[in-house]
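There are 2 protein chains.
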Amino acid sequence: MEEIAEEECLRLLERNTLGRIAIVVSKQPQIFPVNYAMSGRIVVFRTSAGTKLFHAPEAKVAFEIDGYEPLTGVCLSVMLQGVAHDATVSYDDVSWAARAASPEPVAPGAKPYLVAIQPTRVTGRRFRSQR
Amino acid sequence: MEEIAEEECLRLLERNTLGRIAIVVSKQPQIFPVNYAMSGRIVVFRTSAGTKLFHAPEAKVAFEIDGYEPLTGVCLSVMLQGVAHDATVSYDDVSWAARAASPEPVAPGAKPYLVAIQPTRVTGRRFRSQR
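Residue numbers (numbering that gives the first Met the number 0), protein chains in the order written: chain A, 0 to 130; chain B, 0 to 130.
Bound-form chain A, shown alone (with noise of 0.2 Å):
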């Protein structure tokens, strides 16, 4: 097992555009995919006015990609730790960097919000998988 270095999991994580961020909703982790994009450091994603929306900003979450490469056995994760902000309308730093980010939802419906991600750790894991 070998620790991946921020500034290698900060690559990999611009080389993805499919994670997920896990939100606390009343003691309940919940865990959600999204498509999102990097900005710098911050993780940008769009979302419609749902859980996410409501629980996410100003809320501690993380986000996740993983991956594994069938041809050598590798098996990677990289986990972004951070607190989230609704970065549709601020004008902070971090909602003008997300807004710099273009995310590209998938999933069908408005979804005229953006929430960054302001990480606090970025840690990655790999791996040779042992089947």
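No wet-lab data here; the hints were simulated from the structure.
Incorrect hints may have been included.
Note: identical chains are not told apart, hence a pair may lie in one copy or across any two.
To be verified - Listed below are the simulated DMTMM-like cross-link pairs for lysine to aspartate or glutamate, each with C-alpha atoms no more than 25 Å apart in a straight line:
| hint | residue 1 | residue 2 |
| --- | --- | --- |
| 1 | K110 | E13 |
| 2 | K110 | E1 |
| 3 | K110 | E68 |
| 4 | K26 | D85 |
| 5 | K26 | E2 |
| 6 | K26 | E5 |
| 7 | K26 | E57 |
| 8 | K110 | D85 |
| 9 | K110 | E2 |
| 10 | K110 | E57 |
| 11 | K110 | D92 |
| 12 | K110 | D91 |
Starting from the structure of chain A, add chain B where the hints point.
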């Protein structure tokens, strides 16, 4: 966006072996990929003495799988919310059920502990990619 009924969610969970668990550590959610197996409605995975073993048992957790079928453009995800138990040696019904499953971790290292997630809610969503 189509909701997937619990019965079909459980069939989808049975067909897969890689999911992600979200646990809350000091109010900060974290997400970890795990290889799992099902025992009825119970998700079972093996782990070592680390974050998942220390923080999941008797806590609320979420478990998620997702997939994309390039030929049809169909995306789907299934989320199981529930409570985790250390099923390694306990004699309760959930632990007995968990020990009937055979999760096969692909990550290296000894994983002598068996964790079971007893669901309180199983939900799923399916849609056709808009791209």
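Hints violated by the structure (numbers, ascending): Going through the list in order, the structure violates no hint and respects every one.
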